[in-house]
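Chemist: Use the sequences and the hints to build the structure in full.
There are 2 protein chains.
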Amino acid sequence: MKHKKRLWAYSLGFIGFIVASQAIASEEVTAEAGHAGTVALTFLWIAVILFFAKIGGLVEKIGQPAVLGELVIGVLLGNLALIGIHTFDPILENAIIKFLAELGVVILLLQIGLESNIGEMKKVGLPAFIVAVVGVVLPFILGTYVVGPWLMPGLDMNAYLFLGASLTATSVGITARVFKDLGKLQTPEAQIVLGAAVIDDVLGLIILAVVSAIVTIGAVSAGMIGWILAKAILFLVGSIILGQFIAPMLGKFFAKIQTGIGMKFTLIIIFGLVLAYMAQLIGLAPIVGAFAAGLILDPVHFRYFKDPKIVADVKQVLKNSETNDETAKAINSAIESHSRRHIEDLIEPVAFLLVPIFFVLTGMEVSLEALFNVPILLVALAITAVAIIGKLLAGYSIRGVNRNIVGFGMVPRGEVGLIFAAIGKGLGVISEEMFSVIVIMVILTTLVAPPVLNWLIKRQK
Amino acid sequence: MKHKKRLWAYSLGFIGFIVASQAIASEEVTAEAGHAGTVALTFLWIAVILFFAKIGGLVEKIGQPAVLGELVIGVLLGNLALIGIHTFDPILENAIIKFLAELGVVILLLQIGLESNIGEMKKVGLPAFIVAVVGVVLPFILGTYVVGPWLMPGLDMNAYLFLGASLTATSVGITARVFKDLGKLQTPEAQIVLGAAVIDDVLGLIILAVVSAIVTIGAVSAGMIGWILAKAILFLVGSIILGQFIAPMLGKFFAKIQTGIGMKFTLIIIFGLVLAYMAQLIGLAPIVGAFAAGLILDPVHFRYFKDPKIVADVKQVLKNSETNDETAKAINSAIESHSRRHIEDLIEPVAFLLVPIFFVLTGMEVSLEALFNVPILLVALAITAVAIIGKLLAGYSIRGVNRNIVGFGMVPRGEVGLIFAAIGKGLGVISEEMFSVIVIMVILTTLVAPPVLNWLIKRQK
Numbered sequence: 274m275k276h277k278k279r280l281w282a283y284s285l286g287f288i289g290f291i292v293a294s295q296a297i298a299s300e301e302v303t304a305e306a307g308h309a310g311t312v313a314l315t316f317l318w319i320a321v322i323l324f325f326a327k328i329g330g331l332v333e334k335i336g337q338p339a340v341l342g343e344l345v346i347g348v349l350l351g352n353l354a355l356i357g358i359h360t361f362d363p364i365l366e367n368a369i370i371k372f373l374a375e376l377g378v379v380i381l382l383l384q385i386g387l388e389s390n391i392g393e394m395k396k397v398g399l400p401a402f403i404v405a406v407v408g409v410v411l412p413f414i415l416g417t418y419v420v421g422p423w424l425m426p427g428l429d430m431n432a433y434l435f436l437g438a439s440l441t442a443t444s445v446g447i448t449a450r451v452f453k454d455l456g457k458l459q460t461p462e463a464q465i466v467l468g469a470a471v472i473d474d475v476l477g478l479i480i481l482a483v484v485s486a487i488v489t490i491g492a493v494s495a496g497m498i499g500w501i502l503a504k505a506i507l508f509l510v511g512s513i514i515l516g517q518f519i520a521p522m523l524g525k526f527f528a529k530i531q532t533g534i535g536m537k538f539t540l541i542i543i544f545g546l547v548l549a550y551m552a553q554l555i556g557l558a559p560i561v562g563a564f565a566a567g568l569i570l571d572p573v574h575f576r577y578f579k580d581p582k583i584v585a586d587v588k589q590v591l592k593n594s595e596t597n598d599e600t601a602k603a604i605n606s607a608i609e610s611h612s613r614r615h616i617e618d619l620i621e622p623v624a625f626l627l628v629p630i631f632f633v634l635t636g637m638e639v640s641l642e643a644l645f646n647v648p649i650l651l652v653a654l655a656i657t658a659v660a661i662i663g664k665l666l667a668g669y670s671i672r673g674v675n676r677n678i679v680g681f682g683m684v685p686r687g688e689v690g691l692i693f694a695a696i697g698k699g700l701g702v703i704s705e706e707m708f709s710v711i712v713i714m715v716i717l718t719t720l721v722a723p724p725v726l727n728w729l730i731k732r733q734k
Numbered sequence: 274m275k276h277k278k279r280l281w282a283y284s285l286g287f288i289g290f291i292v293a294s295q296a297i298a299s300e301e302v303t304a305e306a307g308h309a310g311t312v313a314l315t316f317l318w319i320a321v322i323l324f325f326a327k328i329g330g331l332v333e334k335i336g337q338p339a340v341l342g343e344l345v346i347g348v349l350l351g352n353l354a355l356i357g358i359h360t361f362d363p364i365l366e367n368a369i370i371k372f373l374a375e376l377g378v379v380i381l382l383l384q385i386g387l388e389s390n391i392g393e394m395k396k397v398g399l400p401a402f403i404v405a406v407v408g409v410v411l412p413f414i415l416g417t418y419v420v421g422p423w424l425m426p427g428l429d430m431n432a433y434l435f436l437g438a439s440l441t442a443t444s445v446g447i448t449a450r451v452f453k454d455l456g457k458l459q460t461p462e463a464q465i466v467l468g469a470a471v472i473d474d475v476l477g478l479i480i481l482a483v484v485s486a487i488v489t490i491g492a493v494s495a496g497m498i499g500w501i502l503a504k505a506i507l508f509l510v511g512s513i514i515l516g517q518f519i520a521p522m523l524g525k526f527f528a529k530i531q532t533g534i535g536m537k538f539t540l541i542i543i544f545g546l547v548l549a550y551m552a553q554l555i556g557l558a559p560i561v562g563a564f565a566a567g568l569i570l571d572p573v574h575f576r577y578f579k580d581p582k583i584v585a586d587v588k589q590v591l592k593n594s595e596t597n598d599e600t601a602k603a604i605n606s607a608i609e610s611h612s613r614r615h616i617e618d619l620i621e622p623v624a625f626l627l628v629p630i631f632f633v634l635t636g637m638e639v640s641l642e643a644l645f646n647v648p649i650l651l652v653a654l655a656i657t658a659v660a661i662i663g664k665l666l667a668g669y670s671i672r673g674v675n676r677n678i679v680g681f682g683m684v685p686r687g688e689v690g691l692i693f694a695a696i697g698k699g700l701g702v703i704s705e706e707m708f709s710v711i712v713i714m715v716i717l718t719t720l721v722a723p724p725v726l727n728w729l730i731k732r733q734k
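Protein chains in written order, with the numbering used here: chain L, 274 to 734; chain D, 274 to 734.
It is worth saying that the hints were derived from the structure and are not from the lab. Some clues are possibly wrong.
Pairs count within a copy or across copies, as identical chains cannot be separated in the list.
[As the list claims (entries may be wrong)] Below 20 Å or equal to it, Euclidean Cα-Cα: the simulated EDC-like pairs (lysine to aspartate or glutamate) are:
| # | residue 1 | residue 2 |
| --- | --- | --- |
| 1 | K457 | E333 |
| 2 | K731 | E706 |
| 3 | K529 | E333 |
| 4 | K525 | E333 |
| 5 | K504 | D429 |
| 6 | K525 | E617 |
| 7 | K698 | D429 |
As the structure is a prediction and not an experimental result, all values here were calculated from the model.
Modeler: The following block contains the structure:
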């Protein structure tokens with residue numbers, strides 16, 4: 274209780290500080306120095322978003338992933354205007370914050386790509402591929418051609434396409450984190466789900482490319498879809514195959530300029546941003562490029578880079594103590610694996626800074642007014658049911674494992690679903706109502722999976 | 274030779290890619306999707322800046338700090354227009370890149386603050402304080418009242434004030450890195466220089482506050498200077514003293530929400546950004562606030578946070594090997610010191626991303642046309658001589674150590690000098706010519722110090 278009271282005290286204190294400083298700012302800063310004032314205010318808004326993202330992180334205490342809390346707190350901040358509080362309205366109009374959010378998604382997909390691994394994708398093999406394909410095709414068809422037109426009749430075909438597309442992609446991040454939290458990452462069910470989620474992500478990104486192009490160009494033809502599909506596959510496969518050759522060469526070469534972690538980090542970011550730009554250039558979403566960049570960049574390409582700090586630490590330990598050969602070997606291999614993983618650890622702080630901005634901002638764009646609309650709420654519940662049933666049937670398309678666990682492991686939608694919704698909204702295809710429906714679906718699938726998985730796994734024992 | 278040829282091949286290839294993609298972009302992307310195209314182009318520009326920053330990092334091969342290379346490559350990119358290449362001109366007009374650069378300086382000063390330590394400042398004591406004060410006062414007076422009016426007569430008094438101010442602050446980063454590269458961090462000379470550089474930084478920031486206020490308000494009065502000085506000292510000392518109480522409380526409290534490195538990182542960033550905003554709110558530069566935030570945030574306030582990855586690594590090592598108690602202890606203490614330092618390691622990747630943007634952009638703002646002006650070049654050389662002499666005399670104000678090493682250790686100007694120049698230019702006080710003079714002075718003092726220090730230290734043996 275004391276804990277909770279303090280949280281309220283800190284939150285209210287912080288909100289009070291924002292309101293007070295806004296009042297001062299509107300008189301002094303804005304009047305005085307235009308540009309410098311805007312920059313400093315943007316610093317404050319970034320701090321505000323990160324602060325509330327962390328308050329949202331409290332949902333982890335009740336077993337939910339942090340991304341859910343960031344969305345929910347965003348929804349709250351974005352709808353304070355309904356009760357007359359307009360303190361946070363400037364965030365939604367700030368072009369720099371909007372850019373930082375978009376850079377955040379690119380960094381997130383780069384990160385997901387880095388965590389994925391072409392080798393792992395091959396190992397999980399056929400069952401993962403079947404689960405992925407069924408789990409993408411079924412919800413897409415159900416969403417686009419069945420429940421979409423049935424529950425929300427009279428809309429443009431493009432809107433149904435985006436609805437179907439947003440139902441496809443399982444969130445790798447959420448899925449992995451749920452299994453990790455339950456300590457079940459090494460079970461065959463978890464392996465299949467993780468493998469399928471990776472393939473699923475690639476399929477989802479291709480669907481996004483196809484759907485985006487259909488919407489942008491306005492017409493649908495088999496040849497056009499074929500060309501876009503070919504272009505998307507060519508870009509992904511091409512960048513992966515070429516990248517396998519170019520990345521180690523560039524890694525080896527740039528290691529000659531500097532071998533520090535700064536160079537390693539910068540190469541990763543340059544790869545991610547250039548491929549994001551190239552993807553946009555050929556008509557794909559930038560996140561597709563960032564994901565491909567992440568897939569290309571395997572830690573092994575950076576074996577030429579050493580982390581001087583960790584190496585120094587280990588040398589110190591070995592020097593200061595009587596160490597037998599076994600221990601020395603074990604420590605060296607731990608350091609080896611640590612520095613391999615370091616490539617992901619390096620991107621992490623940048624993700625800490627930028628990714629919550631995307632999710633809080635996405636939450637802020639949800640209009641709660643639409644939720645007071647009972648028909649929309651009912652539609653959202655029905656769409657959520659379809660989202661769950663589609664993935665459950667995908668689980669039932671294979672044998673030899675607990676198919677309920679596989680199916681529910683695929684249920685959480687997250688980043689990618691929201692990105693679909695945001696892009697659809699940006700293109701003017703998805704209405705505010707359908708945007709709200711998709712966000713509710715993402716929140717509910719994310720919310721429903723952890724407790725159900727928990728129950729299924731415990732029942733299995 | 275092969276190495277150099279490949280570098281040219283990669284650089285030319287990358288430039289070719291930029292030019293080609295620009296050509297495509299101007300036809301396709303821009304025409305098609307305005308906002309998305311602009312965002313993707315900004316991704317490309319960030320990648321371009323980071324790429325060339327790393328090419329600039331090649332100066333490390335000839336014993337120069339990377340910051341120098343970033344400046345020089347910026348100067349080159351910014352002046353390609355002189356030979357008809359306008360490819361990189363859009364970077365200087367991009368408001369988002371400009372914001373990222375300004376966020377970069379804030380992150381840098383937060384980082385410098387984190388590396389500094391109130392305890393260390395006390396230890397180096399009197400000699401460091403004397404060197405700092407003489408090394409700030411002498412160049413400031415020489416610049417503002419002697420060489421400024423003498424070499425560039427007829428300018429506004431405010432311009433001389435900014436020139437004098439930009440001559441004061443030794444670059445902590447460059448100084449520390451020079452001694453570190455030479456393996457001389459533990460000598461008394463290095464200790465005094467490092468201590469003095471920290472005090473010097475605080476003095477420089479106060480001078481910046483005073484000078485900025487004088488320029489902004491337009492009038493100079495002893496009472497006003499006193500009030501600004503009091504406000505600056507009150508803000509710094511107040512935030513440091515209050516921060517000592519509040520930071521551990523907040524650290525302890527937020528550790529209850531999450532104990533991961535994400536929370537640790539986010540708290541540091543929130544502190545830095547909020548204090549940067551508050552500094553701006555009371556009329557100081559945002560970087561003053563960021564520096565104060567860094568000073569407040571000592572690793573000890575984050576003892577409630579553990580890095581689960583490193584802890585798991587160590588447990589694994591200890592489990593897999595026959596380890597005696599001595600070794601286990603040594604490893605644990607190495608991990609302990611590693612996780613204490615982790616607070617700085619977490620900010621580093623964000624600095625890798627944003628800080629080079631500031632330095633490359635600063636270099637790009639240097640007009641080489643001004644350098645073809647022989648009088649300006651001569652003035653720059655004279656100002657550089659004053660910058661060096663001022664710090665050498667500071668070295669001679671103490672006894673018992675090699676005073677030439679202390680003096681030359683204080684010579685490199687860097688970040689802070691450039692920030693002064695950039696702010697002065699932003700306020701319209703510093704002309705393009707004087708901006709170029711200051712940048713040349715920064716480049717030359719940075720360039721001159723490493724070889725001279727190297728020579729002095731070797732002669733000492």
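Chemist: Evaluate each hint against the coordinates.
Modeler: Taking the hints in turn, this is what the structure says about them:
1. Proximity of K457 and E333 under a CA criterion of 20 Å is satisfied intra-copy only: 18 Å inside one chain copy versus 47 Å between copies.
2. Taking the shortest alpha-carbon separations for K731 and E706, neither the intra-copy value of 38 Å nor the inter-copy value of 73 Å comes in at or below 20 Å.
3. Taking identical chains as interchangeable, the C-alpha atoms of K529 and E333 lie at most 20 Å apart only when they sit on different chains, with a minimum of 11 Å there against 44 Å within one chain.
4. In this assembly of identical chains, the alpha carbons of K525 and E333 lie at most 20 Å apart only when taken from different copies (18 Å versus 41 Å within one copy).
5. Taking identical chains as interchangeable, the C-alpha atoms of K504 and D429 are never at most 20 Å apart, the minima being 26 Å within one chain and 61 Å between chains.
6. In this assembly of identical chains, K525 and E617 lie within 20 Å of each other by CA distance solely inside one copy; the values are 19 Å within and 27 Å between copies.
7. Taking identical chains as interchangeable, the C-alpha atoms of K698 and D429 lie at most 20 Å apart only when both belong to the same chain, with a minimum of 13 Å there against 53 Å between chains.
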